[in-house]
Amino acid sequence: MGKYVAQRIALMLFTLLIITLICFVLVRMLPPAELPLNDPHTAVIEARREAQGYNKPYLVQFGIFLRNIFTKFDWGLSDKLYFGQNVADIFLQKLPATVFTNLYSIILSIPIGIGLGIWAALKKNTWVDYFISTVTMVVISVPSFVFAFIIQYVLSYKLGWFPFLMKAGTDWLSWDMFVSMLPAVMSLSFGVIAGFTRTTRAELTEVLTSEFMLLARTKGLTKAQATIRHALKNCAVVIVPAIFGEFIGIMSGSLVIEKIFAIPGVGNLYLNAINARDYNIFMLDSCFYTAVGLAAGIVVDISYGFIDPRIRMGSKK
Amino acid sequence: MEYEHIPAEKFTFTQMDASLHDTKLETKSRSYLADAFLRFRKNKSSVVAAIIIAFLLVFAIVSPIISPYTINQKDKFYQSYAPFVRQIADMKLGIFDGATTRPSQNEKSMLYWRGIAEETGMDPLINILETTSTTVVYRGKEREEYTYTIETNQYYEKGVIYLVLSYDEFERIQAWQDETGIQVIYPYVDPADIHGITDHPNIWYKVDSSGAAQPDKDGNLVPVYSTRTQNTGAEYHSLRIAGDDGSYVYSTAKSGAVQCRVCYYNYYQYLYGHEPMYLMGTNSMGQDLFMAIGVGARFSIVFAICVSAINLFLGAIYGAVEGYYGGAIDMTMERISDILSGIPFVVATTLFQLHLAQKVGVVPSFLFAYVVTGWIGMASLTRKQFYRFKGQEFILAARTLGASDGRLMFKHIFPNSIGTIITSVALVIPGVISSETQLTYLGIINLSDFAGTSIGTLMSQGQVAMTSAPHAIFFPSLFVSLLLISFNLFGNGLRDAFNPTTRGEDD
Numbered sequence: 001m002g003k004y005v006a007q008r009i010a011l012m013l014f015t016l017l018i019i020t021l022i023c024f025v026l027v028r029m030l031p032p033a034e035l036p037l038n039d040p041h042t043a044v045i046e047a048r049r050e051a052q053g054y055n056k057p058y059l060v061q062f063g064i065f066l067r068n069i070f071t072k073f074d075w076g077l078s079d080k081l082y083f084g085q086n087v088a089d090i091f092l093q094k095l096p097a098t099v100f101t102n103l104y105s106i107i108l109s110i111p112i113g114i115g116l117g118i119w120a121a122l123k124k125n126t127w128v129d130y131f132i133s134t135v136t137m138v139v140i141s142v143p144s145f146v147f148a149f150i151i152q153y154v155l156s157y158k159l160g161w162f163p164f165l166m167k168a169g170t171d172w173l174s175w176d177m178f179v180s181m182l183p184a185v186m187s188l189s190f191g192v193i194a195g196f197t198r199t200t201r202a203e204l205t206e207v208l209t210s211e212f213m214l215l216a217r218t219k220g221l222t223k224a225q226a227t228i229r230h231a232l233k234n235c236a237v238v239i240v241p242a243i244f245g246e247f248i249g250i251m252s253g254s255l256v257i258e259k260i261f262a263i264p265g266v267g268n269l270y271l272n273a274i275n276a277r278d279y280n281i282f283m284l285d286s287c288f289y290t291a292v293g294l295a296a297g298i299v300v301d302i303s304y305g306f307i308d309p310r311i312r313m314g315s316k317k
Numbered sequence: 318m319e320y321e322h323i324p325a326e327k328f329t330f331t332q333m334d335a336s337l338h339d340t341k342l343e344t345k346s347r348s349y350l351a352d353a354f355l356r357f358r359k360n361k362s363s364v365v366a367a368i369i370i371a372f373l374l375v376f377a378i379v380s381p382i383i384s385p386y387t388i389n390q391k392d393k394f395y396q397s398y399a400p401f402v403r404q405i406a407d408m409k410l411g412i413f414d415g416a417t418t419r420p421s422q423n424e425k426s427m428l429y430w431r432g433i434a435e436e437t438g439m440d441p442l443i444n445i446l447e448t449t450s451t452t453v454v455y456r457g458k459e460r461e462e463y464t465y466t467i468e469t470n471q472y473y474e475k476g477v478i479y480l481v482l483s484y485d486e487f488e489r490i491q492a493w494q495d496e497t498g499i500q501v502i503y504p505y506v507d508p509a510d511i512h513g514i515t516d517h518p519n520i521w522y523k524v525d526s527s528g529a530a531q532p533d534k535d536g537n538l539v540p541v542y543s544t545r546t547q548n549t550g551a552e553y554h555s556l557r558i559a560g561d562d563g564s565y566v567y568s569t570a571k572s573g574a575v576q577c578r579v580c581y582y583n584y585y586q587y588l589y590g591h592e593p594m595y596l597m598g599t600n601s602m603g604q605d606l607f608m609a610i611g612v613g614a615r616f617s618i619v620f621a622i623c624v625s626a627i628n629l630f631l632g633a634i635y636g637a638v639e640g641y642y643g644g645a646i647d648m649t650m651e652r653i654s655d656i657l658s659g660i661p662f663v664v665a666t667t668l669f670q671l672h673l674a675q676k677v678g679v680v681p682s683f684l685f686a687y688v689v690t691g692w693i694g695m696a697s698l699t700r701k702q703f704y705r706f707k708g709q710e711f712i713l714a715a716r717t718l719g720a721s722d723g724r725l726m727f728k729h730i731f732p733n734s735i736g737t738i739i740t741s742v743a744l745v746i747p748g749v750i751s752s753e754t755q756l757t758y759l760g761i762i763n764l765s766d767f768a769g770t771s772i773g774t775l776m777s778q779g780q781v782a783m784t785s786a787p788h789a790i791f792f793p794s795l796f797v798s799l800l801l802i803s804f805n806l807f808g809n810g811l812r813d814a815f816n817p818t819t820r821g822e823d824d
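Residue numbers (this note's numbering), protein chains in the order written: chain P, 1 to 317; chain X, 318 to 824.
No wet-lab data here; the hints were simulated from the structure. Incorrect hints may appear among the rest.
Keeping only pairs whose Cα atoms sit at most 20 Å apart, straight-line, the calculated SDA-like set for lysine to any residue is [unchecked claim]:
(1) Lys124(P) / Thr418(X)
(2) Lys676(X) / Met29(P)
(3) Lys80(P) / Tyr479(X)
(4) Lys361(X) / Trp127(P)
(5) Lys124(P) / Ser362(X)
(6) Lys158(P) / Ser362(X)
(7) Lys124(P) / Asn360(X)
(8) Lys80(P) / Gln670(X)
(9) Lys361(X) / Met137(P)
(10) Lys124(P) / Asn809(X)
(11) Lys80(P) / Thr418(X)
(12) Lys158(P) / Asn360(X)
(13) Lys158(P) / Thr417(X)
Pair ranges (Cβ atoms, derived) [said to hold, decoys possible]:
(14) Phe630(X) / Thr134(P): 53 to 63 Å
(15) Phe630(X) / Leu30(P): 26 to 36 Å
(16) Asn55(P) / Ala674(X): 17 to 27 Å
Calculated from the model, a selection of chain P residues having no Cβ within reach of chain X, i.e. all distances over 10 Å [to be verified]:
(17) Gly2
(18) Lys3
(19) Ile45
(20) Lys80
(21) Asn86
(22) Ile132
(23) Pro143
(24) Leu173
(25) Leu208
(26) Met213
(27) Arg217
(28) Gly293
Model, not experiment: these values are computed from the prediction. Where a beta carbon is used, it is the ideal one built from N, C-alpha and C, also for glycine.
With the rest of the complex left out, here is chain X (with noise of 0.2 Å):
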């Protein structure tokens, strides 16, 4: 037993002077937030979700900006026609060439398209789907008739169109076009040379009573421009067209104004100074739908925002005061908001918009309808989460140590809500914008004068036009959809990164 009586020197200190300090950690604390964005960052689909977010926020931001027109621009022809930009038009690649299908095309109307290619020199015919040919029998002789299905090109087959301009506007144009070398007005045709039809300006050449061309025997068309110069509305010293001979004449008088022939085309680089070019088309109202769903966007995204905000803000305060002072103020306080839910969403929208869109405009009275019942999913969550921490050590200590009412709630029991709260308001922003959409779909609240326009208007002006152009309804919903679907897979993303009982399960 040689460790008892042990001498007392032998004893010495470990520690005299050397003060006792714990050791640092070695590794890098990483924080909640960090911790939480390592493992979002894990979740794929979340990723790339936000990636599509991100993209489709450049787009909203970027589109209005680069596309050569603005939300007031609306074109009084080019109207629900196909996306078209020429350079890739020219390429035949069958894309962005505004094409539409004409079904059940008979001669007579494949010499309509034929006499515009001629004389604007712009083709509207892009390829002939099918044709079908039906032997008949005309005058006791058996002939063969064929009926095409075409693409056309909705840009070219405009063609020519009658204007009315005033003697300045007129001169203008010729200015211009002695500039740029472009053909915009064409020689007058006088209704009496092709038996009194007004109604179409796109025929130049030898027709019968019908409108039908009556090609020479050759098959080409003949030219019938009008040559009574006693009828020129105003004098034409610009560019003439090919076999023109001077004779031609290009106006005709009209109540102190000049009627032409125009290119809408050519008129058209006139007016805007550059040709059409509708990556995504145009809408019924005639505006760039490119354009039309970045401002549209924009307005949804920066309102779904300050909406989540709004809410957040006053249902983390009245959720904290329920949560934690409970009992009689927490039972009135969720009745009042038992009331306030019970009121169907679309109710209080009208409601609002009955009141208030006069006297303080349409999209505050809007975001009041959002906000007197969107804060009640907010208070209820937080209400939960106090309920659930309040009770817990660590606030019995703070309030051992004199922590005041305030500080409890906002200083120690909030933050430790913070990822659910966060997780609910990616989840919220994604149901602002589709509620929004909906109800402007439906016409109940209208932002045109506020936004400019937005998707659901959008939509609602594509729907007119539905069969005809399906890219204007088609757009609009895609981009929604998108949007919403990344909205989706964002927050669950998130939910699933800030809940700590998921962690280390995919390790």
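Isolated chain P (complex conformation) (with noise of 0.2 Å):
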């Protein structure tokens, strides 16, 4: 087990290593921005190229920068969006944001999405596992933005229950931020809880109706006793490593949310970077996006291996 999980993250390393490396290299392949003559920081951004290794091979240059991060986490300076900042600074002011956003939405939606699929598959082929089961497709089609807009529309600005965009400032854990909040999360937490609800009824519905659920019944469990005791611990071997590579995604959040309630997240600043053309910005965001990605496939994974004890990663057999 633990030679299989040290050689999937050796495994992940490299991959993030060589897409790093094709993105670094695309990216240094353009034209740097343009630098503004008469600012006090284009001297100081143009010595900073000439110690990057700007004019000297790509791979030289893609040394320097990995030496750069991983001895002084120094990602280069902002040369177009925030003049002269350290691009590292500027994405650690940005993330709160966007963790608190989607960890809300998750905190939301999986408890209500597992209890939807639960009940769903209670009641299979009811009209309410029918109803439950439309609307989870219905939902799943239908990008987020969608209901975003339909959140924006008659939540904030019908019933003005909630204020249009997100508030400014820093105050992450204050009630007013919270409820600013509100309008992104529940947007970000329909495609979450009708993903629960259908991996949920899918897994559960296929348990139910295996033999050892009769045999509970036969030794003289509730159905209470039997499903919860029983059905419910098989169906967490499915969706235990979902919701962890959930937590994993909550990092990169969705781009369309954070432009639609204006939060000043990751996303936003991914966008904003491509506008502007700050490449320094881009490839940090680029990086951090390939980084989650792989991170929450990974932990999945192998989280399958901790949760069922039938399953044994790395096997040969």
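Put the two chains together into one complex; each comes in its own frame, and the hints tell you how they fit.
This is how it looks when you write it as structure tokens:
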């Protein structure tokens, strides 16, 4: 097991390195941003560029890039968007907004999603099940920003329950901030709820018809006891890794939702960096998204092995 | 024991001359596809989805053709206006009347709307939704003041605008007026007569310095049309409005051109040859949404089909090679696709845009971005199918008979996995449409130069005026939601139909 995990992580780091290299070379091939004359930062940025090895072969540049990251966590200076500021600092400032919205969203949606899924599975082939399944299908198909528009129009504009956009400021834990985040949180939640409902329902209906459930009932357990002790435990094999995946995924957030509700998060930073052609920010954000995606995948895979004793990871058989 | 020692002559041949054949099957045989189709037809929701898809496709093809507008027609004034068709608006059904709700209108603004109605003959006021009265004390006297919430027709409430025309153009409009009998040019009002107000072309009556109408004692508006002939811009010899004794002046000279008051609704008819007719209203660019959605949808659908076709082709070949040969080849190829699949899609799109968009155009570089990571799903699907089938006996038999690798792969194994692959194509299409809409909404990709517009662009334009013109975001969202829901339902139906294990479950 330990060997398998180590193998997977090594492979992931290798993949990350290659993707970073590809992105890095492609970005450095573009002409660097032109710097304004008469700006005190210009000299600094030019000096930094010299130190980062612009005009040297790409592989040398990449070496310098990696060395700076590993020794000083230095991702370069912003040369367009936040002129002269350290990219890593800007990025860390933007991270809380994204993490908090997504965290609230999954805290809200996972219990609801699993609950609905269990309900639908227990009432299989009744109108409850049909209703939940149909709504789930619709929610999964419709892109999240359509929900965002509906929520923004109905709840924020017509009913006036929430502010139109997210409140500015950094008081992440205040009540006002929480309320102003809610429209975004709800828009994000729809998809997650539907995903969990579908997975739970599919898994539970399968488990409920298996023979050990019949045995559990035969030996005298009530339906509730049998479901909770035996069926849900088996469902967890699929659901828990998905929850882990979601938790890793909260970092990356959603570009569209962040744009609609003006959340000053990583996604918005990324969009702005693309529009302004701020390559250092773009590079950091790209690496971040890649790393989050890879990490989520690996966590899901490995957690299967920890949760389900029947799965032996990496064994030959 | 009479069955023993039977003499030989008692035996007869049952069949000596007739040749022995298998009897032909009495019933018609059903092919795999026909069978799948039969099962698909039993699935009600998928059939409905297929009908909706067909309807949306027809809409996308037909709407830009039957709409009187093209994507390049951007009206300067009719922007973010609600749906309007005059013939239906005249029936007063409350639909297609270009209505917008205007809260807190006082007496002054009500007179303003009345002024437009009296001059142009088109009443912008549809109905009064709410009246609130307040008692105010004005110069020592108590007085009732009313505030209204009203619905107005946005197309009519534009009323009259100032327009600077060349002499030729002025002449042409007059000729058109004579021909059709529609009044476009209205008599000029000199700012000097209306307290120097120059930014309200709709004022043609006596006003006080704040721009509030001052009716006479019967409550009628008093016209103050200009009769100062010394300022006349160009000769006017066409239709005159009612109540004009020939003394009204219809234009004023303005540095080599003519300034006049033009009823925009009628001027629009002069420009385009028809009345404004917007089945789904206009967006914030002044484009007809009915046509623009069709234009955007055409691109989305064609693009999605191209992407899935290319990905299917590449993925099938890649997956076939991986799955068939296995071993070291499989390992290496899997690592390559692992690396590619690790690239977030939005990063790939951006990089392609930055590098290729200048050289090969936005759409091809967008297509590359989809292709570079998109085929991986298809490849792993095909690979799995190949692993499933390649060890089976019929493959061994074919190999024994000397079939080559290529023949084994594409003649014997591939047809067995075709059902799974078709299904996944049906589910890839909505995925492509959805992400394409998101990227154009975000503005990472701008397709306007190539395709005219796209659903995502329409949504981001609609979002600008979301509170005042919700229709501009409603219709594109509705279209894309319907399209995606029905494609997904359709895909699910296909999956069930092609899955032989569900066969007979519902019979």
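The hints, checked one at a time:
With a CA separation close to 47 Å, the supplied pair Lys124(P) and Thr418(X) exceeds the 20 Å bound. Of the supplied pair hints, the one linking Lys676(X) and Met29(P) holds, its CA atoms being roughly 15 Å apart against a limit of 20 Å. Taking the CA atoms of Lys80(P) and Tyr479(X), the gap is near 43 Å; set against the 20 Å cutoff, the hint is violated. Distance restraint check for Lys361(X) and Trp127(P): the Cα-Cα separation of roughly 17 Å lies within the 20 Å cut-off, and the hinted pair is therefore satisfied.
With a CA separation close to 18 Å, the supplied pair Lys124(P) and Ser362(X) stays within the 20 Å bound. This hinted pair does not check out: Lys158(P) and Ser362(X) have alpha carbons roughly 34 Å apart, beyond 20 Å. A hinted pair counts as satisfied when its Cα atoms are at most 20 Å apart, and Lys124(P) with Asn360(X) qualifies at roughly 18 Å. The hinted pair formed by Lys80(P) and Gln670(X) meets the criterion: a straight-line CA distance of about 19 Å does not exceed 20 Å.
Between Lys361(X) and Met137(P) the CA atoms are separated by roughly 15 Å; this keeps the pair inside 20 Å, and the hint holds. For the suggested pair Lys124(P) and Asn809(X), the alpha carbons sit about 19 Å apart, so the restraint of at most 20 Å is met. Restraint check: the Cα-Cα separation between Lys80(P) and Thr418(X) comes to about 43 Å, which exceeds 20 Å; the hinted pair is violated. Pair hint Lys158(P) plus Asn360(X) does not hold up; C-alpha atoms about 39 Å apart against a cutoff of 20 Å.
With a CA separation close to 15 Å, the supplied pair Lys158(P) and Thr417(X) stays within the 20 Å bound. Phe630(X) and Thr134(P) have their C-beta atoms about 35 Å apart, which leaves the hinted 53 to 63 Å range violated. Between Phe630(X) and Leu30(P) the C-beta distance comes to about 31 Å, which sits within the given range of 26 to 36 Å. The beta-carbon spacing between Asn55(P) and Ala674(X), approximately 26 Å, falls within the hinted interval of 17 to 27 Å.
Remark: the non-interface label on Gly2(P) is consistent with the geometry, its nearest Cβ contact in chain X lying 22 Å away (cut-off 10 Å). Every CB of chain X is more than 10 Å from the CB of Lys3(P) (nearest about 18 Å), matching its label as outside the interface. No Cβ of chain X comes within 10 Å of the Cβ of Ile45(P); the nearest lies about 20 Å off, and the non-interface call holds. With a closest Cβ-Cβ approach of about 14 Å to chain X, Lys80(P) is found to remain outside the 10 Å limit, as its non-interface label requires.
With 10 Å as the threshold on Cβ separation, the claim that Asn86(P) sits away from chain X holds: the shortest Cβ distance comes to roughly 22 Å. Residue-level check passed: Ile132(P) sits 15 Å from the nearest beta carbon of chain X, beyond 10 Å. Against chain X, the non-interface label of Pro143(P) is violated: not every CB pair exceeds 10 Å, the least being about 5 Å. Even its closest Cβ contact with chain X, about 29 Å, leaves Leu173(P) beyond 10 Å, as expected for a residue assigned away from the interface.
Against chain X, the non-interface label of Leu208(P) holds: every CB pair exceeds 10 Å, the least being about 17 Å. Remark: the non-interface label on Met213(P) is consistent with the geometry, its nearest Cβ contact in chain X lying 21 Å away (cut-off 10 Å). Listed as a non-interface residue, Arg217(P) keeps its Cβ farther than 10 Å from every Cβ of chain X; the least gap is roughly 24 Å. For Gly293(P), the requirement that its beta carbon stay farther than 10 Å from each beta carbon of chain X is not met, with the minimum near 6 Å.
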